[in-house]
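> Each chain, written out:
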Amino acid sequence: MKPDVSGPAVIRCRGVWKIFGRSGVARLDDRDALDDAALSAKGLSAAVRDVTLDVARGEIFVIMGLSGSGKSTLMRCMTHLGPASRGEVLIEGQEIAGLSSDELRIIRRDKMGMVFQDFALMPHKTVQRNIAFPLEVAGAPPAIIAARTAELIGLVGLEGREQYYPSELSGGQKQRVGIARSLVNNPRIWFLDEPFSALDPIIRYELQTELLRLQKELAKTVVFVTHDFDEAIRLANRIAIMRDGRVIQIDTPERLVLAPADDYVRRFTRRVDRLAILTVGALADPSQAGEGEPLAASALVRDVLGRILSTSRGTPVVDAAGRLRGAVTKEAVAAALSVCEALP
Amino acid sequence: MTAGTPTSGRRRDSSASSISYVLLALAALTVAVSIIWPGNPTHRLPASWQLDLMRPTTQAIRYVSSDLSIAGIEVSEITRAFARLVEWPLLFVQGLLAAPFTVEVPVIGSTVLPTMPWSVVVVLVAALAHWLGGVRLTLLSTATLLYFAVLGLWTSAMYTLSAVIVSVACGVVIGLLLGVAVYRHPRLEAVANPVYDTLQTLPVFSYLVPLVVFFGLGPVTALVATIIYAMPPMARVTTLALKSAPSTLFEFARMAGCTPSAEIWHVLLPSRMRDLLIGVNQVIMLSLATVVIASTIGAGGLGNDVLRALKSLRFGTALEAGLAITLMAITMDRMSRALATRRPDHTRVSSPQFLVRHAHGAAALALGALLWALSTLLPQLHTYPAEWTLSTANVIGEAVQSFNREHAAGITAVRDGMTVTVMRPVRDLFSAAPWLCVAMLAAAAGTALYGVSRGAVILALLIAVAVAGLWPHAMLSLYLVAIASVFALLIGAPIGTLAALSPRLGRVVDVAVDTLQTLPAFVYLVPTVVLFSVGELPALLSITLYAIAPAIRYTQHGLSGVEPSVLEAAAMAGATRTQILTRVQLPLAMPHIVLGASQTLVMAFSMLAITSLVGSRGLEILTLEALGKVDPGKGLVAGLGIVILTIVVDRLVSGAAGRWSWERERERG
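Residue numbers (my numbering), protein chains in the order written: chain A, 134 to 477; chain B, 35 to 703.
If a hint is listed, it holds; no wrong ones were tucked in.
Reference excerpt, derived from the structure (chain B facing chain A, CB under 10 angstroms, subset only):
1. S281
2. L283
3. F284
4. A287
5. R288
6. T293
7. A296
8. P304
9. P378
Quick caveat, the hints were computed from the structure, so don't treat them as lab data. In this text the structure is predicted, and so the values were computed from the model without any measurement. In this text, a Cβ means the ideal position worked out from N, Cα and C, and glycines have one as well.
Please work from the sequences and hints to get the whole structure.
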C-alpha cells in the first residue's frame, strides 16, 4: 500500500491565478479586483482561481477534475510552461517567476521530469535516442548517457526495443518511453499530465501498477493530473479536486470518500469501491473496546472483512504504536458502505 | 492564393448589392456610349491619359545597378560579389557532372577538377534510388539516365541536373531559415504571404530582366531566378510544420531544458520531417520547371535544346529533348516522394555491422570507385562514346513531317476552324469591349462577393492596368486564358465524371493526372508546336493541356466525395443512374467543380507567361521582349499586369465558389 508521507513542502502555490484574455495572457493591474464581473469587463477569463496548496516531498499529489476545470493549467503554472498571472509558485523554496530563463532551464534540466498525455515523443529518434535526449541537451558525457539510458530502458521494461522508432510501438510502449525519458535526468519532481488517458483500460491499469512500483523504488515528489476519479483514488496520497478553476477539496482518498466537502465531490465518490480504500482506523469507534485479536489501523477493510463480520461485538483496532484506537463493528462498515444508497 | 470569406450579414449585403447594380448600370452605359461614340475615353483610354511607368522603372533600376553606392561601396560591386558567391557552387557541381572546372588553388596554381564518368553517375543514382524505393525506382532512374546517354543528351541533361541540385540546396536552406523566422516573429507573416504570392505569380521572364541588369546574362541569373521562384513553398511548409507541431512536443522541449533554437532545430523541425520533405519535393519540381525555362536565356541545358530545335523546326530533336525533360521530372518526383514517405524502421539501424547499416552507401562508393578507376583504361566508361548514341530524331522528324503533310488538310481545317469560329470572335469581343465596362463588371462582381472595399480595390487595380497602357495587351492575354480554361473544363469535367463513376478508370486517371502535374510547363509547348507550328493556336492548346489537371481532379473528387448514404437513399427512392448523377451527385459536387475552375484559371495564367516563346501576343510577349532588350521596367510593369489579372480573376472565381457552397450551407440551415 501507499506509504504515509508528510515531508516538507516541495511545491508551494500561494493565491495562484491564471487568467486568459483575447490576446494571450492579459496584463492585469495588481490592484484590479479579481471577480467574474471585473474580469469579464476586461474580456478576460480565469482558468485557475486563487489556488493555495502544498505538495509534500515524496507524495503522489493528484489534481483531479473534469475537462475545463483548470487542472492542466494549474500544473503548467507549477512548471512555468504557462506562468501564473498572479500569486506565487515556489519550487523548493525558490520563487519560479523570479528566475531568469537560464536559471529556469537549469531547474527544469536538473529537478523536473514531465510525462504527456499524447506522449510527445520525437518521431525521428529511436526509443534509445528519445530517452537519452534530455541528457544530450544538458551536455552529459556519452558514457553516462549510454549507461543511464540503458538503466531506464530496463526500469520500464523496454529491453530489445532500443532501436525501434515510436511509430513502431503500441500506445502503452510509447508511454513507457515517455516515462523513461522523464526520469532519465533523475528529477526530484515528476509531473504527469493525464499520462494514461489515451490508453486502453487494461494497459492503463497495468501502467498504474507500474507507476506505483516505480514510486516505491524512486520516491519522487509526484504531481499527477487526471480526469479519472478511480485513477486518482488508486494512485494518490492526496487528491485536489478542481472545479471551474478552484480547488474544492484537498484530502486523502479516504477522507474524500468519508467526508466530501460538497455534493460535487460526493457525486464522484458515489461509485467508488469503498472497500478498496477504507481503512479500519477510519471506522474505529473509540467508545468501544471490541474483542479478539486487534487489527492494524492502516489495514484495508476489504482485507479483514471476514474478521469484522464474524463477531457482533466489534474488533479492536490498534495504531502503528500499538495503542488501542477503539473497535470497528459490522454496523460501522455497513453504514460506511451504504452512504451511496442514501444519496438522491 | 486564398480566397477571402464572402461577406456575411444581411445589411452589408444589401448596400453592397445596390452598389454593384449601380456599377452594372454604368458598365451598360459605357457600352451604349461607345456604340454611339467609338473611341471615347471609356472605350479606349487616350494615350495622353496614360502614364509611362516603364521608363522611370528602368531608369531607377539602372541607377541602382550602376551608379548607386552605399557607404562607399557601389551596388554593382555588391551584386557582382554575390554573383561570384552563388556561381562557385554552381560551377563546382557543373564541373563534377558536365564540364571540367578549373579551380585556382593558392599554392599549387590552377587545377582542373575531373568530371565524373557517366557510368559512375548512373551507379550512384541507382544506389540512391534503390535505397529510397527499391527495384522499381532503380529501374526508372537507370532507364532515365541511359536515355540521356543513348540519345546524346547527356551533357545537356547534366547541366540541367546541376542547376537543379544547386537551386534546390539554396532554396531549401533559404526557405527553412525564412520559414523559421516567420514562425518566430508571427508579425512577419502579414508581409511574407503576399510577397510569396507575388513571387510565384510574377512571370519568370519579368524577374529575369532586373536580375540580368544586376548579374548579367548567364547561368547565375538563371540560378537566382530559379531559387526565388522555387523557394516560397519551402518557407510556407516550414512555418506551417512548426505551427502544426503538437503543443506538448514544444512543452517537452522546454521541460527537457532546450534553448529556443535547440527547440526548433532539434525537436520541432525534425519531428515534422515528412511535411518538410513534401516541401522539398515541391522545391525540386519547381526548380526543374524554372531551370528548363531559364536555360532558354543562354544557360544551356535541355530547355535550350528543345527551344532551338522547335525554332529550327527539327521536331524529332525537340520531341527527344522534351521526353528527356519529362523523364527527368518523373524520376525526380518519384525519388523525392519516396524520400518523403519513408517510414523509419529499426531493422536498418539496429545491425551492429557498419557495412550492413550502410550497405547502399558502401556498395555505391565501392562500385563507383571501381568504375572510375576502370574508366581510365576504358574511355567508353568515362565519356559515353558518340558512336554508341542512337538518334531517332531524323526518323521521328520525318514521321512527323509526313504525318503533317498527309493530314495537312485536316490540320489546316482545325487551325482555320478554331481561328475563325472561336478565337477571332472572342478576341474581337475582348478587344472591342470598352475598358471601363470590363473594369466595372469585375468591380460589380467583386462588390457583390466581398463588399464595397474589395470591389473598389479591384476597380483601382484594373484602372491601373489601363493607365499603365497595358490594356490592349491584357485583353489579348485574358482572351487566351479564358478560352483555354473553358476548353480545359469542357474536356476535364467529363473525364473527371467518368473517372468518378468507374473506379478502374479512376485509378488510370489518377496516375495520368499525377504525371501531368509533374511535368514542367515548358514540355507542354512541344506537341502543340510540332502539330500546329508557332502562333496563338498552339499557345492556346498548350495552356489547355497544362490547365486540364485541376479540372479533372476537382470534378472527380467532388463527385466521389458525395456521401454513399445519400446515393443509397436516392437509389432507394427509385432514381435511375443518370438521375442520381444529374440530380444528386452533380449538384452536390458543384462547389468543388467551381473551385476546380478557379484552380484551372490560375494554372492557365502561370502557363501563359511561357507561351510567349511560341507566339502568343498578350502581356507575356512584353516580358519576353523586355528580356531581349534588357529593359527591366517593361518586364516588371508587364509582369505586374499579369499578376493583377491573375489575382482579380482568381478572387472572383474562387469567391463565387466560396459563395456557392456558403449559400448552400445556409439553405441547409
